[in-house]
Amino acid sequence: MNCRLLLLSGSYRGEKTTSNSILSHLSQHIENKDISIERLKISSRIPDKKNDELIFNHIDMADIIIFCAPKYNLSLPAPVMYQFERLYQRKDELTEKKRKFISIIQFEAPVGGTIAQKICRNFSDSMGFCWYGDLTLPGAGEIKGRPLHETDSMIKNIRTSLEITAKAISDGHPVPEKARKTGKKQMPTWLIILIVNSLIKQYCKKNNIDIFKAPYENEFGLWDKNDFYHN
Amino acid sequence: MKILILNACHNQNIENLNVLLPNKSNIIHIRLQEQNILHCTGCMSCVWNMESMNPGYCILKDDMNFIYPTFIHSDLVILMTDIVFGGFSHQMKKIIDRLISALFTAPLKKRGLDVGHIMRYKKRPSIYAIGFQNKYNNETADTFTKYIENICTLWDVPYGNSLIYALDQDAESNNQLIQNTITEWKDTLA
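Protein chains in written order, with the working numbering: chain S, 1 to 231; chain H, 1001 to 1190.
Calculated directly from the structure, the hints in this document are not laboratory data.
Note that the structure is predicted; figures quoted are calculated from it, not measured.
C-beta atoms are modelled at their ideal positions from N, C-alpha and C, and glycine is treated no differently.
DEER-style ranges, computed between Cβ atoms: (1) Thr-189/S with His-1029/H: 37 to 45 Å; (2) Ala-1171/H with Asn-2/S: 48 to 56 Å; (3) Glu-38/S with Glu-1184/H: 46 to 54 Å; (4) Ser-1173/H with Arg-4/S: 42 to 50 Å; (5) Thr-189/S with Ala-1171/H: 45 to 53 Å; (6) Leu-199/S with Tyr-1057/H: 20 to 28 Å; (7) Ile-1118/H with Asn-208/S: 15 to 23 Å.
When you get a sec, could you build the whole thing from the sequences and use the hints?
Spelled out as structure tokens, the structure:
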């Protein structure tokens, strides 16, 4: 029986994004020929009825949905939340079928992602999908939209994690615990902070940039005006 | 006390909230549905994009231009949002995403369980989030509460808390909840 796999990218910045690189690497390692793979991405425009309809139709047809998005201020980006809201509004229109849902959250920081994953899980449950696991991939910022096979050893854990996941999906299994643990492995936080801060300091010194500029220090916005009231 | 209310709720009457707020407060109430706010493009030029670096400024020109300074110079910001899968609604999330330029600088710092950037302004408002649910849902309410806790840690605000306002509960108990909360604010922010 042919199984339809939908790769849904929650990054809306264009084609060369980290989410796209991750989904590409995953799809390249799915070896089961009975699985047909389709790809879509969240629109950068809100609202975009054409894109909404396209996503709804593809989700309706899908047997497995793999969603990958960046973490933004601990949660998912606003366009993703918009799309989740739209899909939930139409959930009763979906044809009856057991759809499996996997979420992948990627980000620059060496730790985090729990809240974003929880929101994905709540979305999956609310939609009546079958939760098939998640991957949290810290340090993915280093990918910078490149194909994963071109990235260096810092991304090795992410590559391995995705390959284990692809094998499990090919065999009809959910995301294995081993893939989850491998994906989370990172350099120590203190070392990342040290490297990043040194690079920023060097760059700013060289280019004479005041990184701590506070442009609104002496601007007061609406507090200067009279169109607010006193209680 | 300068109180900024950012309201992203649909069909919620918040007049009661204004009455309950501390006397002699200056209040600005912004309904986000009425504002022209674009969503963050993720260019990061406001924080760390080395090619187009413009620290503290967002390259997008819209109503956020007056929300940024208003936010920064508030003593308390009340975020009113429908709870969507345990997070903010997309209307509110647009603002939260865009606030990156007003909150963070490029260098990193360990903050709570996460890693955050060093804050751009010395003074930051206290945050109170009121999450609305049509029907009380324990899972999403719990996620929302933890989310606000983490946001407040990441933003390094002086005081932060949240409240779930479930519309299937009677109005009196919800108002009592808000009243208790405001008493707590008064004590904490005094």
